[in-house]
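Q: Same order as they appear, the protein sequences are chains Z and B.
Take any residue in the first sequence, count from 1 to its spot, add 1002: that is its number in my numbering.
Take any residue in the second sequence, count from 1 to its spot, add 357: that is its number in my numbering.
Calculated from the structure, these hints are not laboratory results.
Bear in mind that the values here come from a model prediction, so they are computed numbers and not experimental data.
For every residue, glycine included, the Cβ atom is placed at its ideal position computed from N, Cα and C.
Hints are not guaranteed to be accurate.
Claimed, not checked - With the C-beta cut set under 8 Å, the calculated list includes, among others, these residues of chain B facing chain Z:
| hint | residue |
| --- | --- |
| 1 | His-433 |
| 2 | Val-434 |
| 3 | Thr-436 |
| 4 | Ser-437 |
| 5 | Asp-441 |
| 6 | Gly-465 |
| 7 | Met-468 |
| 8 | Ala-552 |
| 9 | Ala-553 |
| 10 | Glu-637 |
| 11 | Ser-640 |
| 12 | Gly-643 |
Unchecked claim - Mimicking SDA-like on lysine to any residue, the simulated pairs with C-alpha atoms at most 20 Å apart in a straight line are:
| hint | chain 1 | residue 1 | chain 2 | residue 2 |
| --- | --- | --- | --- | --- |
| 13 | Z | Lys-1120 | B | Gly-500 |
| 14 | B | Lys-397 | B | Ser-686 |
| 15 | B | Lys-364 | Z | Ala-1048 |
| 16 | Z | Lys-1043 | B | Phe-368 |
| 17 | B | Lys-638 | B | Gly-612 |
| 18 | Z | Lys-1120 | B | Gly-612 |
| 19 | Z | Lys-1150 | Z | Leu-1170 |
| 20 | Z | Lys-1120 | Z | Lys-1043 |
| 21 | Z | Lys-1120 | B | Glu-475 |
| 22 | Z | Lys-1066 | B | Lys-638 |
Said to hold, decoys possible - If you want the footprint, here are the derived chain B segments under chain Z, 3+ residues with CB under 8 Å:
| hint | segment |
| --- | --- |
| 23 | 376 to 383 |
| 24 | 571 to 577 |
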Amino acid sequence: MENDFIIKCIDSVAQCIIDREDEIESLDRAIGDGDHYINIKRGSSALQSIKPELEDIPTNEIFKKIGMTLMTSVGGASGPLFASFFLSVSKHIEEGDNLQKFSQAFALGVESIMQRGKSKLGDKTMLDVLIPVSEKLKVLADDSYEIKELTKQIDLVAQASVKATKDLLPTKGRAAGLADRAIGHIDPGAKTCQLIISTICYELNKT
Amino acid sequence: MKKFINKTDNFIIDSLKGFAKAHDDLVELNLDPIFVTRKKINSDKVLLVSGGGSGHEPLHTGYIGKGMLDVACPGHVFTSPTPDQMISAIEYCQPKNGVLFIVKNYSGDVMNFEMASEMISVDHQTVLTNDDAAVINSSYTSGRRGVAGTVIVEKVVGSLAELGGDLTACKKLGDKVNLYSSSIGAALSSCTIPAAGKPTFEIGDDEIEFGVGIHGEPGRKREKIKEASLIAEDMISVILKDFEEKSLNIKDSNGVLLLVNGFSGTPLSELYLIYNEVSEKFSAKGIHISRSMVGNYTTALDMAGASITVCLLDNEIKKHWDSAVMTPSLRWGNEDV
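Please build the complete structure, drawing on both the sequences and the hints.
A: Here it is in structure tokens:
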């Protein structure tokens, strides 16, 4: 994974978050407390501000810096969850790793989110996008798919899983207080994860 | 949105600067990262550290001072603070006898304080407050929320820590006060997060949200507004049921502390009216109110509404509730600063 590409993704993700403000905000106002967009945007802006520091450091250091920056800027529930993901990936990734290695690090990152949030698949959280994506990524990486086909399939899984959070009953986070009143609403944390993944797929497709 | 704001991004900083200046005899503000400490730090006592999203003032910064908190770490509005705030504050205070974190039970607060506690080397314990009886199926969800009962925990444990109680004793007392406290709230309006610029939820002119949380999270049910007496009746029945489920006898105690808390958009006259309703109904049920507090102690920005918190008072809790306290927002007992 090249530093330039990660930096490019930081910009594209930040732009995508800004472009989708209304959608993220209205999802969070429906079943959360209305601060998700603000927190995510604060995180993506903080990452943009450290771009110069990311230019010449090893891959694992990039992930560590991203994790620490998110940890100290985002707050809320998403801050520690995203931070745990990137800090965990930083421990399991090395310069020049192939896709298969990356998919393993990704899976361990997702696992660290599960531990930090004490959550699992089906709790109507970001994990309902991340777990299916991680599993798909592992299968595709093992079968050494072409990058174009791989990104297309990952994007499809992310899109389908975020839609499926509509029917789930929330058991974690602020939405949990709503219980069945939250059914019919997409989870905002799952939505931002899908947006980030879809944006990275789009960027990968261009390379 | 109509608020006294310069720039939305600077809302919390600008407000904290004013707070620190107004109470410069008691507190000190650190800016990068943000934390507030007592003016005179006593590193020999157990360091009481709380924090959480802003917007609930005076919780937690208003409760810093002798007999209560040592440190508060405010986050952005309704967003938990980040671990670096707690870590820096603890490094700054150099506690010799451990740290007690007092954390309201919200996923964000729990995780950020957890990350902080993993990164410090000093002895520490955490009291998680979850006095909100509105949340049902607590074993199924991430649990009950910490609301106005947190103030009582901070006051009572603050007294013990001031008198030299050790970390284990402080943790134990904090857990007990939390268990002995139950709260339920109702909102008459939504609230507006400055950075969002619009109300968190929609609510009709003739509706109330029963069981609302202090961030405008929806509660148990949306219903038509009715006489205050009937709303108080509903609140009391939730509280009584909660004590019953906790197997605590609300009558078999030294009386209770009744806190009628405003979310900040409801006038004191209405809060006293609620107090009157609750006290009459308690009296009819043989429940003795031996301590009272009425006012805006745990708020939700500009939300109109109120909550009631009942805390059972045993001798230990009563003693520490009555002891001297000197903070910006709670002060009694003629204690020196």
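Q: Does each hint hold? Answer for all of them.
A: Comparing the hints with the structure gives:
A hinted interface residue such as B/His-433 counts as satisfied when its beta carbon comes closer than 8 Å to some beta carbon of chain Z; here the least separation is about 6 Å, so the hint holds. Interface restraint check: B/Val-434 against chain Z, minimum CB-CB distance 7 Å, threshold 8 Å, status holds. The interface hint given for B/Thr-436 holds, since its Cβ lies 4 Å from the closest Cβ of chain Z, which is under the 8 Å cut-off. Of the supplied interface hints, the one on B/Ser-437 holds, with its beta-carbon coming within about 5 Å of a beta-carbon of chain Z, less than 8 Å.
A distance limit of 8 Å between C-beta atoms decides the matter here; for B/Asp-441 the minimum to chain Z is near 5 Å, and the interface restraint holds. For B/Gly-465, the suggested interface contact is upheld, since its CB lies about 4 Å from the closest CB of chain Z, less than 8 Å. A cut of 8 Å between beta carbons decides the hint on B/Met-468: the least distance to chain Z is about 4 Å, and the hint holds. Nearest Cβ of chain Z to the Cβ of B/Ala-552: about 5 Å, under the 8 Å cut. The hint holds.
Against a cut-off of 8 Å between C-beta atoms, the interface hint on B/Ala-553 holds, since the closest Cβ of chain Z lies about 5 Å away. Because the smallest distance between the Cβ of B/Glu-637 and any Cβ of chain Z comes to about 30 Å, over 8 Å, the interface hint for this residue is violated. Checking B/Ser-640 against chain Z: minimum C-beta separation of about 32 Å lies over 8 Å; hint violated. A hinted interface residue such as B/Gly-643 counts as satisfied when its beta carbon comes closer than 8 Å to some beta carbon of chain Z; here the least separation is about 32 Å, so the hint is violated.
The straight-line distance between the Cα atoms of Z/Lys-1120 and B/Gly-500 is roughly 12 Å, inside the 20 Å bound, and the hint therefore holds. Restraint check for B/Lys-397 and B/Ser-686: the C-alpha separation of about 17 Å stays at or below 20 Å, so the hint holds. Straight-line distance between C-alpha atoms of B/Lys-364 and Z/Ala-1048 comes to about 18 Å, which keeps the hinted pair within the 20 Å bound. The straight-line distance between the Cα atoms of Z/Lys-1043 and B/Phe-368 is roughly 17 Å, inside the 20 Å bound, and the hint therefore holds.
This hinted pair checks out: B/Lys-638 and B/Gly-612 have alpha carbons roughly 14 Å apart, not beyond 20 Å. Restraint check for Z/Lys-1120 and B/Gly-612: not satisfied, since their Cα atoms lie roughly 38 Å apart, outside the 20 Å limit. Restraint check for Z/Lys-1150 and Z/Leu-1170: not satisfied, since their Cα atoms lie roughly 31 Å apart, outside the 20 Å limit. For the given pair, Z/Lys-1120 sits about 25 Å from Z/Lys-1043 by alpha-carbon distance, which is inconsistent with the 20 Å threshold.
At roughly 16 Å between alpha-carbon atoms, Z/Lys-1120 and B/Glu-475 fall within 20 Å of each other, so this suggested pair holds. Only pairs whose Cα atoms come within 20 Å are accepted, and Z/Lys-1066 paired with B/Lys-638 is rejected, the gap being roughly 58 Å. Evaluation of the coverage hint for the segment 376 to 383 of chain B: breached, as 0 residues show C-beta separations to chain Z shorter than 8 Å, against a requirement of three. For a cut-off of 8 Å, the count of residues in the segment 571 to 577 of chain B with a CB near a CB of chain Z stands at 5, and the three-residue condition holds.
Checked against the numbered hints given earlier, the structure breaks hints 10, 11, 12, 18, 19, 20, 22, 23 and satisfies all the rest.
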